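So the protein sequences, as listed, match chains A and B.
Residue numbering for the first sequence follows this note's numbering, starting at 3 and increasing by one per position.
Residue numbering for the second sequence follows this note's numbering, starting at 25 and increasing by one per position.
Keep in mind that a hint or two might mislead.
[To be verified] Straight-line alpha carbon distances no greater than 30 Å define the calculated DSBU-like cross-link-like pairs of lysine-lysine that follow:
id: 1; chain 1: A; residue 1: 43; chain 2: B; residue 2: 100
id: 2; chain 1: A; residue 1: 43; chain 2: A; residue 2: 108
id: 3; chain 1: A; residue 1: 108; chain 2: B; residue 2: 82
id: 4; chain 1: A; residue 1: 108; chain 2: B; residue 2: 100
id: 5; chain 1: A; residue 1: 108; chain 2: A; residue 2: 40
id: 6; chain 1: A; residue 1: 104; chain 2: B; residue 2: 67
id: 7; chain 1: B; residue 1: 82; chain 2: B; residue 2: 67
id: 8; chain 1: B; residue 1: 100; chain 2: A; residue 2: 104
id: 9; chain 1: A; residue 1: 43; chain 2: B; residue 2: 82
id: 10; chain 1: A; residue 1: 43; chain 2: A; residue 2: 104
Keep in mind the hints are simulated off the structure, nothing from the lab.
Treat the numbers as computed from the prediction; the structure is a model and nothing was measured.
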Amino acid sequence: IQMTQSPSSVSASVGDRVTITCRATQGISSRLAWYQQKPGKAPNLLIYGASSLQSGVPPRFSGSASGTDFTLTISSLQPEDFATYYCQQANDFPLTFGGGTKVEIK
Amino acid sequence: QVQLLESGGGVVQPGGSLRLSCAASGFAFSSYGMHWVRQAPGKGLEWVAYIRYDGSVKYYAASVQGRFTISRDNSKNTLNLQMNSLRVEDTAVYHCAKKLPDILTGGFGDYFDHWGQGTLVTVSS
Chain A
3 IQMTQSPSSV
13 SASVGDRVTI
23 TCRATQGISS
33 RLAWYQQKPG
43 KAPNLLIYGA
53 SSLQSGVPPR
63 FSGSASGTDF
73 TLTISSLQPE
83 DFATYYCQQA
93 NDFPLTFGGG
103 TKVEIK
Chain B
25 QVQLLESGGG
35 VVQPGGSLRL
45 SCAASGFAFS
55 SYGMHWVRQA
65 PGKGLEWVAY
75 IRYDGSVKYY
85 AASVQGRFTI
95 SRDNSKNTLN
105 LQMNSLRVED
115 TAVYHCAKKL
125 PDILTGGFGD
135 YFDHWGQGTL
145 VTVSS
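The following block holds chain B by itself, in its conformation from the complex (with noise of 0.2 Å):
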């Protein structure tokens, strides 16, 4: 079955950087987008990044554009995260999260279909 485990978070102070990584497996990872989606304590979801399934194209939030890069090794099953210059409003859980089928959707629309536990990101001083 499709497993996403997030790992990397932590506490880091404003202006620092962390690297998050996904571990992907149970399904043709090579094969798929993925997404990073995060959510701050009590608020709702936020989608942060995307990656095409052979890494030529990206996509970022406004929010985090310029600062976090997403990348992927299709030879490992991972999605990687590098975050840098933090904000305290980076604070939330990040979830990578698994693109739609294409044959689902006929290729158009970019749902979520299976998610990770998350991995929790605190930014404080």
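Isolated chain A (complex conformation) (with noise of 0.2 Å):
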């Protein structure tokens, strides 16, 4: 299964609504997860389930899911989002990721 992500890069001020899409080449039954990840760091696990919220992560962010699209929306960015984030479809294996969104400063 495929991970399409988009776009590869967004820049964006602080308050901002940002949205990330990822697409599956099949259907992945909502088994879909958002993680956030800052240089020289580990990913971070945001969303998973597509729209559920993993525990200590900000309300800000939130996950949707239309068939085999997925979207990622940080309803207000505040100066810590400024990373990279990864999609990656649970649902089978291979696991797979989307290449990747860098969310930079405007």
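With the hints in hand, could you dock these two chains into one complex?
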């Protein structure tokens, strides 16, 4: 299963609403995760099951699904949110990731 | 708290071997599936291998199938990755990662809720 993530990068300002999309090449039953990764650090799980917020993750992060299309939304971008975000399908092996979206400061 | 600490990385020539380990603490290691995920320098994430909590089921990425072997020692809370016939394209930071508990997913889906900081493997002549 291939995961196509877009955009590959986005420039935004603090307070902006940011949306990242991921599309699967086949149905994955909403078994999708979103991760945040900062430079030199391990990824951090934000969302699982397409829309379930991982414990400790701020509620400004949300996820949604429509068929094979998935969306991560950051409702009001904070300084600590500038990072790279990855989607991951968790439905079947081999597990696969999207190519990543770098959220940069405008 | 959950801690995962990888070791064993280094520089190796193409065709060589390396064994990575991941020391786990802060959770019931023997109750959770575990994964290896790698990231080539400046690139995205690539899942490598999975092992069930009891070691009875293993899956591999096609890119490492037949060359890498995942194993675990539940008595020592340790996850391992034996890497043979290494290639230049295996150069990456290798992370071990814990599977998100089934109680949160209904047993469906493999997500990574804790990651180690990784160990760098460089394959170069």
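Outcome of the hint check:
no.: 1; hint: A/43 <-> B/100; in the structure: 26 Å, holds
no.: 2; hint: A/43 <-> A/108; in the structure: 23 Å, holds
no.: 3; hint: A/108 <-> B/82; in the structure: 44 Å, violated
no.: 4; hint: A/108 <-> B/100; in the structure: 48 Å, violated
no.: 5; hint: A/108 <-> A/40; in the structure: 17 Å, holds
no.: 6; hint: A/104 <-> B/67; in the structure: 12 Å, holds
no.: 7; hint: B/82 <-> B/67; in the structure: 25 Å, holds
no.: 8; hint: B/100 <-> A/104; in the structure: 38 Å, violated
no.: 9; hint: A/43 <-> B/82; in the structure: 27 Å, holds
no.: 10; hint: A/43 <-> A/104; in the structure: 14 Å, holds
This entry does not satisfy hints 3, 4 and 8, going by the numbered hints stated previously.
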